[in-house]
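Participant: Sequences listed follow chains H and A, in order.
Using the working numbering, you'd call the opening residue of the first sequence number 1234 and step up by one each time.
Using the working numbering, you'd call the opening residue of the second sequence number 536 and step up by one each time.
Now the in silico label distances, taken between C-beta atoms and shown as ranges:
#: 1; chain 1: H; residue 1: D1524; chain 2: A; residue 2: L558; range: 51 to 61 Å
#: 2; chain 1: A; residue 1: Q735; chain 2: H; residue 2: Y1691; range: 49 to 59 Å
#: 3; chain 1: H; residue 1: L1255; chain 2: A; residue 2: K699; range: 29 to 39 Å
#: 4; chain 1: H; residue 1: A1644; chain 2: A; residue 2: Q692; range: 51 to 61 Å
#: 5; chain 1: A; residue 1: A746; chain 2: H; residue 2: Y1691; range: 50 to 60 Å
#: 6; chain 1: H; residue 1: A1644; chain 2: A; residue 2: S714; range: 54 to 64 Å
#: 7; chain 1: A; residue 1: L797; chain 2: H; residue 2: G1318; range: 50 to 60 Å
#: 8; chain 1: A; residue 1: Y546; chain 2: H; residue 2: K1523; range: 40 to 50 Å
#: 9; chain 1: H; residue 1: L1702; chain 2: A; residue 2: Q824; range: 53 to 63 Å
#: 10; chain 1: A; residue 1: K699; chain 2: H; residue 2: L1671; range: 29 to 39 Å
#: 11; chain 1: A; residue 1: Q692; chain 2: H; residue 2: Y1691; range: 37 to 47 Å
#: 12; chain 1: H; residue 1: P1303; chain 2: A; residue 2: F539; range: 49 to 59 Å
#: 13; chain 1: A; residue 1: K560; chain 2: H; residue 2: Y1691; range: 24 to 34 Å
#: 14; chain 1: H; residue 1: F1542; chain 2: A; residue 2: P549; range: 51 to 61 Å
Keep in mind that the hints were calculated from the coordinates and are not lab data.
Quick caveat: nothing in here was measured; it's all calculated off a predicted structure.
From the three backbone atoms N, C-alpha and C, an ideal C-beta is built for every residue, glycine too.
Here is what each chain is made of, one letter per residue.
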Amino acid sequence: MLFNSFEFLLFFPLVTVLFFLLPHKFRWFHLLIASCLFYMAFVPIYIVILIATIIIDYIAGIIIENAHGPRRKLFLLLSIVANVGVLAVFKYYNFFATNINDLLGAGHGSGGLPLLSIILPIGLSFHTFQAMSYTIEVYRGHQKAERHFGIYSLYVMFYPQLVAGPIERPQNLLHQFHEEHHFDYDNAVSGLLQMMWGMVKKVVVADRLAAACDPLFNNPHHYSGTALAIAAIFFAFQIFCDFSGYSDIAIGAARVMGFHLMTNFNKPYHSRSISEFWKRWHISLSTWFKDYLYISLGGNRVSLPRVYFNLYFVFLVSGFWHGANWTFIVWGALHGFYLVFALLTKNAREKAMKVSGINKVQWLHNLINVASTFVLVTVAWVFFRANNIGDALYITKKFMQIPGEMMHVLATHKLAFLNLPAMYILRNCFALILLMELAIIIAEKMELRHTFAKRPFYFRWALYYAGPLIIYFFGVFDRHEFIYFQF
Amino acid sequence: MRRFLIKLLIYLSPLLFVTGFYLCKDPFKVLYHYDAYYAPADTSYFELDDDYVSTQTLIQNSRTIPYDSYIFGSSRSDNYLVAEFGRHVRSSNCYHFNAAYESLYGVERKMQYLKDNGMQFKNALIIFDNELLAKVTNDKGHIRIKHPALTGQNRLQFQLEFFKDFFDKDFLFAYMDMSFSGKLKPYMIEKDIMSLICFQYDPRANEIYQAKIENEIAANNYYSTREHIFYKRDSVLKYTTPVLGAEQKKLLRNMKTIMNELHTSYRIVISPLYNQLQFNQADLITLQQIFGKEYVFDFSGINSLTDDRHNYYETSHYRPKVCTEIMNAVYGNKD
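With the rest of the complex left out, here is chain A (with noise of 0.2 Å):
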């Protein structure tokens, strides 16, 4: 036996150095603590699991800060700046509690989190779309699972989700080249495995604001180069595909009645996307028969904000310009 045993380390020795490689290099950042996921003027190569970043750095600082205003939403809520929620809600401990690729299941666990150890929920900023709603369990993969606080999942089977995804030929092999050579090359971003991410983040109220970006519209570089980027809409209004069933209609009374016995004051507010689909309208007579009429808003559709390309910065995400005329008109002057 001693024999096979000897043999078998040497047989798996090159496993046991990718191990080793994954254990040291922690390249997702969620085997060790790290003070913040982002530095404040961060460059990545991929993404990290954003709602691993967002939940594991709310249960670091909510230990010294005291939030208790929330926006919820996947990635389209990014440009919701907390400066100016703040204002609206007149609170200065602002949380971006969202991630990318959010899930309904994902807003109702967060609220549940927050339910369960007992932390201050004066308001929430709840941005959905149709994509968000339909979604009612925990995703699979390194970059859209839950993190195991929200979901109970257990931890070691969390841990593998990320083990497993590392040894992804494409990436693993990108990701072992670019730690050798230094260099970010054409192949990895052609292939969709990296790119380079820029963005700046403030690590207290979980915030990427997207400020090289900003700068190149600023400076009239960015839409002339992305003209094939924004396809042409058809005129004719078209309404989106009904989503809520039972299990999503489940999780928003659950989100409602947590709402409700911890006293938030919220908005809803269906975002304005580039495709200009109109929200179903069935769907959103639910969420406000749940909600409440007053407290649903619906910029989706065909309107001055999606009409304007310049109101994005490709397809999918709308400009902090769009999010501060946005709560400008839910919250306006009440309450």
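Just chain H, same shape as in the assembly (with noise of 0.2 Å):
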């Protein structure tokens, strides 16, 4: 069942007023349930294989509690490995036997690797990372291995992020499930609040901006340089808005609950570095990789080479989750080449900076900054949505036309040789970008999440009404799925 969905409306409500009305011991049944169906919405089935690995993990973790030498390690093994080999086959099997039949020149009935005809669990990466999460933090002793194996089973299902995040640690989650929750008034508006600024991002924002950039992603050779330049700034924003937009409705429908998930996304776009992007994109996947791939390869305990190769080596897997394509894989391989780029050239580029004196001036220094750092993150974006390597090399190769591009148009005044979308869309676009933008820094410059409580009463109402009737006047609605759902 989609967040943005009529049946959604229906559900939510009626999910959230039997949790309040039902005693406490009666409430992880009743949202174990509601969870069930939630994710039966999508393909019923499938929910064989959660059960399966929700059964190995939850009695993997008892054992490598009670366990000791060896065996903890070979329990936790087992469980890594039932949860990666589910990812291995539905989601990586057809990838690797389509490539290695090409490399072998074989086909498929013809002596290649037979491909299976089957879809991708929904939510698949993002429940088995967050099952691979308990039984580590287990291992690792800073995780009690959870007896009731069916809070055990919420903690995996929970349905507000089930499908695609935030992936969750069992030391926030866990506990939260064996708590008493009483309905709290300011929980309740803030999480509503929450989802419908989600409701919007993705409806309003997301999908209209998805609208305007599909044509020239999926035909990138009738578009000059500058449109396709267009169109990978939208898909920046698109992408964000999609993605933190689920998060915000699944942080959101979570408090009204009286539970707290995790921040997933803190205005990625305002990063002054790679690095910094990563603390604010995403959150709960690059920590997930940093505290369990990156430091278990050793971390940046290690030689300067082996740091490289370590951050790397977690950005070329971090594509590699998002899924079983070369794109995503180059994305990784991109956002891994920066990261390891800028530790090479840290000290060049501060000694630059110092000797212009722009680091003096301080607005100037992170403008700049901000500036590249969003370039270098959009240009890795147009592997990520790109359909194909080729597309992504030519658009990227189209860029680089833009200096010229944009002298023509000075010389002749012109601009349809550039191909660009209708100046109704750009206008639209462009002002939704910026307005959303908006919104954020005036949230933040108003403290609005602490104090939008002791605000006034019309100012309450006001905003209480606009974000439905922005999304009834202004939303896309022919447009379903988010982003992330693929992964």
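Relying on the hints, combine the two individually framed chains into one complex.
Facilitator: This is the structure in structure tokens:
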């Protein structure tokens, strides 16, 4: 069931009202059933896979806690292999098989590896990582094994974050299912407001930007470098609004019931470096990779070349996590390259800023850093979004023609050759991006999150109605899927 | 929590008002029972779900009327008048079991419904065209979605489809405006939300007859003001793109099986459309192979029917006189 669907509009209030009406001891069961129904609204049979991995990890957690020596590691490995195995079969097998077949020059059914006709279970990448986080933390001694099977199942299946995160840690989420949650007015209001904000980002901004940039990414050879650059910018904001919008709805829905999920996005396009970007974008995933892969590889406690390798490797895996396609792998590799290059050139860049005097003008320094980070991230997004590597390379190559195109525009005062999207589309999309950024900045300046309840009645009620009215009048309702559902 | 619920109620009051308005007015006539969905000389402002009206009227009427002969198809089959059809098939219990924007899926579901409910199915006149044959799934939206009695769809989901469309901002505003003002305003027509729809309706046969238009034609007032509608056609014969794939063939074979089991006498007509596109020959052969060459009649392409624009109301629907000629041709003096 999608968050931006009519069914969810009925599902959410029903589940929430029943949650508060039920005695505490039955609430876990109610939420578990609701989460099962939520998941089964996609492809019902795939709940079998989810239940299987839950059983394996539940048992593994208890055994790991009780065991000593090599047995602990063995069961941790078994749990990881089971989770990664499911991912490997459902998400990556066809990718590997196709590539091996291409290498060997074999086709399907003619000596090559057979391809599987299976649909990726929704949310697979998210809940397997969340489950692995649990067994790893039990192994490390940071989390006691959960004895209550129902509560553990709910930890994995909790519907607000089941299909697209945030990828929670057991230390944050598990204990909340044991605690009794009383209805809290402020939680309910702030949770609903966050859901509304998430819906605005998804339905008004993301889906409208998608309609504008999809034709360009689907047929890049028909467009100029300038048009493709605009499409790349639109996609950068589309994916931000789509994914952060989903996270907002998930976090808000949980908060209404009194559950606190981790923040997943923190103004990522205000980052002054790629390193900072990854502290602000998909925070739950980046911290997962940092804590369970990067640190396990040695982190930055090893030699410098090894640190560079660790960073690059982690981002390569991160790209692969996003999808079984070379475009995602290149996207991850690009970010790995950015980070390593930034480390390698850190001193030189700082010297350059000092020599030029830019570092003395703080706002200019920040602006240059934010702008250059945004450009690097947007170029990488081209690989993330493009239909194939060929298209991505074509698009990035076309960016080199932008200066020439601008010179031609200045000389001829003609824009038609650029084959830009229609003026009203450009105007509406840029206006939306600007308004959204303004809203984020104003909300932060006013410390709205913490001071909202103290604001005057008319201010609060104007906001309560503004969201639904904006969604109603400006929402795009013929597109439904969230981008990260495909992962 | 009480304070929150009271505030929530106040907050939702506009939504509750509109919902209450929908439940009271039932604009799409899907919530409650109606003896007839249109008046005999009906004036409507927007389309109802024709499939729902067609099917629900059959369900209600068949309790007292032993229908045995049916005309299937889209709105293009509207003008095959039951009086003439009944004369050809020697039945006085004929019914337009059709729907606007009909699909092959819809026709197959209707036949399955007749079989599943043990209804007599002696005669079928099936009016096909490319658009109808292409569609093999249920539609969405308050105008095209199929009756749940045909599809087995959950009734709540079916109702939600209409409820959602009621909240379409253009429709909702126009409907509320018209409900309170009682007037059909220019913006409603310009935005294609509503218009004055006049026709004669016979609930017994579910037959719509464009009396107003026919009167205008008879008074020589109709075509002179509509020259711009009838575009110039190419004199070079062109063919429709093939549409009969695996799913279409499956549905067509099921229709044939049903008609065989119920010993239905049938005729299949490929409509003579204004676009003068000849029905794809591979598709025609497929239809002939499934239903028998002698029962499939192709009136498409460039011919005396399609050449004369006076045979059409506009470029999509042909007039009753064309249907009369077709029925005479397909039934003639055969069985």
